[in-house]
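2 protein chains.
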Amino acid sequence: SEMAEQVDGEGRAAARPLLTDLYQATMALGYWRAGRAREAAEFELFFRHCPFGGSFALAAGLRDCVRFLRAFQLQDADVHFLASVLPPDTDPGFFEHLRALDCSEVTVRALPEGSLAFPGVPLLQVSGPLLLVQLLETPLLCLVSYASLVATNAARLRLIAGPEKKLLEMGLRRAQGPDGGLTASTYSYLGGFDSSSNTLAGQLRGVPVAGTLAHSFVTSFSGSEVPPNPMLAPATSEGPTVDLTVSVKLWLERVCTHLELEVQEPHPGERAAFVAYALAFPRAFQGLLDSYSVLRSGLPNFLAVALALAELGYRPVGVRLDSGDLLQQAKEIRGIFRTVAAQFQVPWLESVPIAVSNNIDEKELARLAQEGSEVNIIGIGTSVVTCPQQPSMGCVYKLVSVGGQPRMKLTEDPEKQTLPGSKAAFRLLASDGSLLLDLLQLAEEPPPQAGQELKVWPPGAQEPCTVRPAQVEPLLRLCLQQGQLCEPLPSLAESRAFAQKSLSHLNPAYKQLQSPAVYQVVRSEKLQALVNSLSARGPL
Amino acid sequence: SEMAEQVDGEGRAAARPLLTDLYQATMALGYWRAGRAREAAEFELFFRHCPFGGSFALAAGLRDCVRFLRAFQLQDADVHFLASVLPPDTDPGFFEHLRALDCSEVTVRALPEGSLAFPGVPLLQVSGPLLLVQLLETPLLCLVSYASLVATNAARLRLIAGPEKKLLEMGLRRAQGPDGGLTASTYSYLGGFDSSSNTLAGQLRGVPVAGTLAHSFVTSFSGSEVPPNPMLAPATSEGPTVDLTVSVKLWLERVCTHLELEVQEPHPGERAAFVAYALAFPRAFQGLLDSYSVLRSGLPNFLAVALALAELGYRPVGVRLDSGDLLQQAKEIRGIFRTVAAQFQVPWLESVPIAVSNNIDEKELARLAQEGSEVNIIGIGTSVVTCPQQPSMGCVYKLVSVGGQPRMKLTEDPEKQTLPGSKAAFRLLASDGSLLLDLLQLAEEPPPQAGQELKVWPPGAQEPCTVRPAQVEPLLRLCLQQGQLCEPLPSLAESRAFAQKSLSHLNPAYKQLQSPAVYQVVRSEKLQALVNSLSARGPL
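Chains as they are written, first to last, in the numbering used here: chain A, 803 to 1342; chain B, 803 to 1342.
Think of the hints as simulated: they come from the structure by calculation, not from any bench.
Do not take every clue at face value.
Unchecked claim - Here are the simulated lysine to aspartate or glutamate pairs, DMTMM-like style, with alpha carbons at most 20 angstroms apart:
#1 A:Lys1218 x B:Asp1163
#2 B:Lys1218 x A:Asp1127
#3 A:Lys1218 x B:Asp1124
#4 B:Lys1218 x A:Asp1124
To be verified - Here are the simulated distance ranges between beta carbons:
#5 A:Glu1247 x B:Met1033: 39 to 47 angstroms
#6 B:Asn1160 x A:Ala1331: 27 to 35 angstroms
#7 B:Leu1280 x A:Gln1316: 48 to 56 angstroms
What the hints assert, rightly or not - A few chain B residues facing chain A, derived, Cβ under 7 angstroms:
#8 Gly832
#9 Pro1029
#10 Ala1082
Here a beta-carbon is modelled for each residue, glycine too, at the ideal position from N, C-alpha and C.
Build out the structure end to end from the sequences listed, making use of the hints.
So this is what it looks like as structure tokens:
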């Protein structure tokens, strides 16, 4: 994994500086012309509603943001391109300024990767020169929004599946192009999946990868193929090699007799494919059962190959189904595994993992995860990657202070108002470690104390309420200080473990996927007073 | 644009070879072990249902596929990674084979970028060595599926908007990470949008880019700022420079008197922001009106700056609204433009473009595009990029022949059956150029002749029907032959024009967005006979 990070770091930044909306560049020129390019500014990146109608989100994408910020530097070609779309009489000093920009004056505080995140709590606080931190808006939103969305989606799917089922992300082909796929694979793992089909996510991000064979492999065999070398040595390497094709043929007869099938019924091409795969992967043989008929072809062919391998000391890693009623078929197959295990005295066969896939969404996953299900591994593509229930997160990046003065957007749409000023955020916990509420306050206020009562303002409330937290956790960590990484980022696997641990401290009422309880994010009295005083001035 | 292509071509491939599902690599080893790595194979990439419940799709992504294929080459690090996840005793010859792979034996036929595409008609036919063309499955699906989805989505939005409204794609921050955004911007332009906010899409793909200013720019000004240089020369450069802040102040008084507002009402920070922007972009000034109050602040401030600029010979490029009832506000603003134009004898003001944005979906777009709407420019983000009505296309890549023999997937799910054999595809047209139906036939059959009756089989039909096309167009063009590009790819703008032309030949009944007529894709008698004979053999 360290090597993986290294390859990634060497390979490229997470995004290029010009991966930004043009208006960031036009505003940059505006700030420049107004003499404000280097004025100190702070933006907050947050969301206003949890995705999918849920009550929580997972913060993700920070590692990509850090990689992007540390590598941030416009190249000559980038500046030339901007010059080509900006007014021809633009001050050349502006382009020199752009060319010299880097993030050495940028400071970022952030919710650690995998944290529980709630509406209004900043995922990122970005401070630095106004022109620069404005330019960063779009790439940071692009890097955080989808990562957090897909991590949250994966966490929901994990909650539905329960802790035991293995979840495989396999949505690369349904993603929004190459990096869409890479982002999806990385952050669905962070959110609670076990592995991904995406090989690049394995290489670059250290995500465990998985995969065996597809229908095209099976249907590419007619049965007339002769393996150039059908001989297989025993698993222990002790004893003579065996012609696997011969052994499979013998086992097929026994299996067909037991299952009351004609030995001609199982498709010879499918069997040839299974034999070819088993010769390449004797320790990792999986049968894809539904290219022809599951019960009359796929299953007997699988059993013949699996039992032939077993004679040599190998155990198959499973079977896979990709069509039909997956729950019902898994039950039937498990039943057959049990009778065949008894018949041939191969007890390991009873517990051969059954993997399923085929457009599995939250509803179908709940069915597959129900009590008594014989499904062990669930592959999910489209539903995890595209987040069809809500395919975007709606993060925003809002100016909260400039030149040391708090700023607040006072639009006619109260929904779109922002909270002014540089802020700190705390999580208030009960004595059992469960979450009570999140508190936003001004950065200069002293942190709340455990065991001490404090007055807080829920949004929209007419008066404050009181809370006495047993524990207090600061939420935002200093991540980049003047461009320098303050502490090593946790590995992806560590962030994944942190996400699962965080979720375990969330009251079940907030984890309900439909109509959950709403977790409160409240304001300190001082922050509320600032909001009131800026609002009282009115929009004018 | 030629430079753009060059930068892109030099910069990187569209995707890396390991951006693939692991099972492609495990199957590769299976083919290798079976001695079949170099067997001739052909796959077809197609979709089974048009997206969004519509009756057509646009083919897109070919340029990325070509770029990917021409650069295809596994690096040492890639092969090492694969070795780390494959069995440790794998034949080293396999890895040597992988390391030496390129697409010099791959031939691709394709629907040209921007073509109308219908279910079952191949977007790509990919032939070459079995192991290699199998490895290509996932990246090709990844590159084609989302590109075609978003191009189709953009074409639908264009149909709703009509030809006159300008459509701006601005969804980068809502896309699935960096390349998700780049793909979205590129192919929504192809599908009929006019421009994108995505600067990188401008630099790398030649997409026209657009953008002016955001609320953060406006709210970053308090009004106390003093521009270092408030002087502006006239548009013609003839005559003295003018202090824009002074001129704006004078105009503000006149405008407020006319609008019956107190001169203190319009927000001074907003006005300072407009002045700063106008100083940077005197020829491209746009006012973002809704940071505070549209009618009591944004509009009078805009008018003051626009009229001050106009005195110097500059014309503003428009106003933008990002909240509230966009249609109603546009109407009010147009009305005010008219009275102010009359009052101050500035007729150009009547037709200043009104741009709108704010979560615009198909329904809201229809409202904004209705007869009498005063909206001119429509910015769409989430709805075009995430395709929320159906966020994935469901393209598949299926084996149709191997070793010269047709292959067909005969699953228990008839939906998932495939059409066997190497095929040709034709579009049959009426004498007025309108589309009748698409015909799939075996590659070896003579092409259908214009004016000649032929028997064809609609899917699921019990008997053939007859058709006499006035014109016949072959659909698939040879794109790569043994790895060599056969003809230069059209530019993105050419493909965009081709898409609009293709759509104009589609009968309106097929273009309805809800419950459209279903366009038929039929089979030749020979192809149907092959399907029947392979089916008759049954799954076994």
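Chain A contact restraint on Gly832 of chain B - CB to CB distance below 7 angstroms = At about 5 angstroms, which falls below the 7 angstroms cut-off, the nearest Cβ of chain A leaves the hint on Gly832 of chain B intact, so it holds.
Given the hint that Lys1218 of chain A pairs with Asp1124 of chain B, test it: the Cα-Cα distance must not exceed 20 angstroms.
-> At roughly 11 angstroms apart (the allowed maximum being 20 angstroms), Asp1124 of chain B and Lys1218 of chain A satisfy the hint.
Could one say that the CB atoms of Glu1247 of chain A and Met1033 of chain B fall in the range 39 to 47 angstroms?
-> holds, 45 angstroms
Assess, step by step, whether the Cα of Lys1218 of chain B is no farther than 20 angstroms from the Cα of Asp1124 of chain A, and give holds or violated.
-> holds, 11 angstroms
Restraint status (C-alpha distance of Lys1218 of chain A to Asp1163 of chain B at most 20 angstroms) = Satisfied, since the Cα-Cα distance of roughly 19 angstroms is no more than 20 angstroms.
CB of Asn1160 of chain B to CB of Ala1331 of chain A, is that within 27 to 35 angstroms?
-> holds, 31 angstroms
Does Ala1082 of chain B meet its interface restraint, that is, does its C-beta lie within less than 7 angstroms of any C-beta in chain A?
-> With a closest approach of 4 angstroms, the Ala1082 of chain B hint holds.
Sort out whether Asp1127 of chain A lies within 20 angstroms of Lys1218 of chain B, counting only the CA atoms.
-> holds, 15 angstroms
Should the hint that Leu1280 of chain B and Gln1316 of chain A are 48 to 56 angstroms apart at their CB atoms be regarded as holding?
-> holds, 53 angstroms
Hint check: is the beta carbon of Pro1029 of chain B less than 7 angstroms from a beta carbon of chain A?
-> holds, 5 angstroms
Taken one by one, the earlier hints all hold for this structure without exception.
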